[in-house]
Amino acid sequence: MIILPVVMNEMMRKWCPAVAVLVLLSCGGRQEVPPGVLNRDEMVKVLAEILITEDKVSKLGVASDSAYKVSDLFRARLFEKEGMTDSLFRQSMNYYIEHPKEMQQIYTILVDSLNLREQRASVAAEKK
1 MIILPVVMNE
11 MMRKWCPAVA
21 VLVLLSCGGR
31 QEVPPGVLNR
41 DEMVKVLAEI
51 LITEDKVSKL
61 GVASDSAYKV
71 SDLFRARLFE
81 KEGMTDSLFR
91 QSMNYYIEHP
101 KEMQQIYTIL
111 VDSLNLREQR
121 ASVAAEKK
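Using the UniProt record's numbering, the first residue of the sequence shown is number 1, and each one after it goes up by one.
No wet-lab data here; the hints were simulated from the structure.
Bear in mind the structure is a predicted one, so any value in this text is a computation, not a measurement.
Treat the hints loosely; a few may be bogus.
Straight-line distance between alpha carbons at most 30 Å, and here's what the computed BS3-like set of lysine-lysine pairs gives [unchecked claim]:
1. K59 <-> K127
2. K45 <-> K101
3. K56 <-> K69
4. K101 <-> K127
Quick list of the computed label-pair ranges, beta carbon to beta carbon [said to hold, decoys possible]:
5. P35 <-> M103: 15 to 23 Å
6. K69 <-> Q91: 22 to 30 Å
7. A125 <-> E98: 36 to 44 Å
Just so it is clear, CB atoms sit at the ideal spot from N, CA and C, and this is done for glycine as well.
With these hints in hand, go ahead and build the complete structure from the sequences.
Put into structure tokens, the structure is as follows:
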């Protein structure tokens, strides 16, 4: 019975470093996005602007069909300002929907970014 723990300890000493290296390699750097897809930072920036704009439009108190049209206009201006097209944004969204881990990272960064903006706005309002 004592032989089994000794054999297991020896196996663990041999295989643990190899398994650890494989795990670390598999968690390696970010995967490059293909051409025609916004990178993670660009997606965070665009999504943040879209959400902020939609929040502002929702506070206007206009009917939902009018709010939709206004949001579309603001989104078109945002895309123009960023030098991108609606199709590039849609293609990027489709890519990240097919890569949920990357999409989760984007939304985590997005939430942190929006929280930071809100905190800064609160501090600025308190100073007035």
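How the hints compare with the structure:
For the proposed pair K59 and K127, the alpha carbon gap of about 24 Å is at most 30 Å, so the pair holds. At most 30 Å may separate the alpha-carbon atoms for a hinted pair to count; K45 and K101 meet this at roughly 18 Å. Among the hinted pairs, K56 with K69 is consistent with the structure: their alpha-carbon atoms are about 13 Å apart, no more than 30 Å. Distance hint between K101 and K127 is unfulfilled; the C-alpha atoms sit about 39 Å from each other, more than 30 Å.
Taking 15 to 23 Å as the suggested C-beta distance range, the pair P35 and M103 conforms, at roughly 19 Å. At about 24 Å, the CB distance of K69 to Q91 agrees with the hint of 22 to 30 Å. For A125 and E98, the Cβ-Cβ distance of about 40 Å falls inside the hinted range of 36 to 44 Å, so the restraint holds.
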